[in-house]
Amino acid sequence: MKRLILTVSLLLSLTALAAQNYIVVDSEKVFKSIDAYNKALTELDELARQYQAQVDGKYAVIEQLYENYMAQKASLPAQTRQSRENAILEQEKEAQQYQESLFGNDGTLMKKRQELILPIQKRVFDTIDRYAKQVGADLVLDASNNPTMLYHSTRVDHTQQVIEALK
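Each residue of the sequence shown is one higher than the last, beginning at 5 in this note's numbering.
Keep in mind the hints are simulated off the structure, nothing from the lab. Warning: the hint list may mix true and false statements.
[Unchecked claim] What follows is a set of in silico ranges between Cβ atoms, one per label pair, in the way DEER data are often shown:
#, residue 1, residue 2, range
1, Tyr70, Asp110, 23 to 33 Å
2, Arg159, Leu51, 40 to 50 Å
3, Asn109, Gln164, 33 to 43 Å
4, Ala91, Phe129, 47 to 57 Å
5, Ala147, Thr112, 31 to 41 Å
6, Ser148, Lys43, 15 to 25 Å
7, Leu80, Thr46, 45 to 55 Å
8, Gln101, Gly140, 47 to 57 Å
9, Asn109, Ala64, 21 to 31 Å
10, Gln101, Gln68, 17 to 27 Å
11, Gln86, Leu51, 36 to 46 Å
[Said to hold, decoys possible] Calculated pairs, DSS-like style, for lysine-lysine (alpha carbon to alpha carbon, straight line, at most 27 Å):
#, residue 1, residue 2
12, Lys116, Lys126
13, Lys97, Lys77
14, Lys33, Lys43
15, Lys126, Lys171
16, Lys62, Lys116
17, Lys171, Lys137
18, Lys33, Lys137
19, Lys36, Lys115
20, Lys33, Lys116
21, Lys33, Lys126
22, Lys33, Lys115
23, Lys36, Lys116
Glycine included, C-beta positions come from ideal geometry on N, C-alpha and C.
Turn these sequences into a full structure, and let the hints guide you.
Written out as structure tokens, the structure is:
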């Protein structure tokens with residue numbers, strides 16, 4: 005009797021799994037098909053290069069101060085050495101804070117990224133949501149950079165349809 009119940013349960017669960025409809029979408033491919041996304045990435049890369057050059061400039065000044073200090077250290081009185089060391093450490097701290105203000109989680113670059121990328125992401129995810137409902141999908145799997153997806157049939161890959169729905 006137990007075997008019969010287990011067999012029926014197994015068959016019912018396999019039937020339920022087979023009845024589920026799922027699709028696969030490569031979100032990276034979708035995003036790369038959007039010109040505004042590519043422009044935003046280019047703009048963010050350029051800003052990051054500019055910001056990094058500014059940060060590098062600050063650290064170059066600090067490095068120069070440190071090298072000058074080390075060259076003169078032996079001939080300086082103890083009080084002057086201490087004040088120069090403190091000045092160098094203070095400038096280094098300011099440079100780190102500046103770098104954090106640009107590149108940190110709440111930094112200028114992250115805010116610009118959110119300003120440029122979030123509306124595009126919202127549009128793509130809303131389109132995927134609408135498309136999935138339209139085709140009756142119960143599950144949408146993202147194939148981009150997914151190390152656990154070992155195989156998917158082209159029959160369930162709806163990336164191109166999502167790209168078309170975005171247009």
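So, going through the hints one by one against the coordinates:
1. Tyr70 x Asp110: 23 to 33 Å: holds, 29 Å
2. Arg159 x Leu51: 40 to 50 Å: Check passed, 42 Å falls within 40 to 50 Å.
3. Asn109 x Gln164: 33 to 43 Å: holds, 35 Å
4. Ala91 x Phe129: 47 to 57 Å: Once the Cβ atoms are compared, 50 Å apart, the range 47 to 57 Å for Phe129 and Ala91 holds.
5. Ala147 x Thr112: 31 to 41 Å: With a Cβ separation near 33 Å, Ala147 and Thr112 satisfy 31 to 41 Å, so the hint holds.
6. Ser148 x Lys43: 15 to 25 Å: holds, 20 Å
7. Leu80 x Thr46: 45 to 55 Å: For Thr46 against Leu80, whose Cβ atoms are near 49 Å apart, the range 45 to 55 Å holds.
8. Gln101 x Gly140: 47 to 57 Å: holds, 53 Å
9. Asn109 x Ala64: 21 to 31 Å: At 26 Å between Cβs, range holds.
10. Gln101 x Gln68: 17 to 27 Å: holds, 20 Å
11. Gln86 x Leu51: 36 to 46 Å: Holds, at about 39 Å.
12. Lys116 x Lys126: holds, 16 Å
13. Lys97 x Lys77: Measuring from Cα to Cα gives roughly 21 Å; hence the hint holds.
14. Lys33 x Lys43: Since the Cα atoms of Lys33 and Lys43 sit roughly 15 Å apart, the hinted pair holds (cutoff 27 Å).
15. Lys126 x Lys171: holds, 15 Å
16. Lys62 x Lys116: holds, 22 Å
17. Lys171 x Lys137: Measuring from Cα to Cα gives roughly 18 Å; hence the hint holds.
18. Lys33 x Lys137: holds, 21 Å
19. Lys36 x Lys115: holds, 21 Å
20. Lys33 x Lys116: The given pair, whose Cα atoms are some 23 Å apart, holds under the 27 Å limit.
21. Lys33 x Lys126: Holds, at roughly 16 Å.
22. Lys33 x Lys115: Within the cut-off at roughly 24 Å; holds.
23. Lys36 x Lys116: Within the cut-off at roughly 19 Å; holds.
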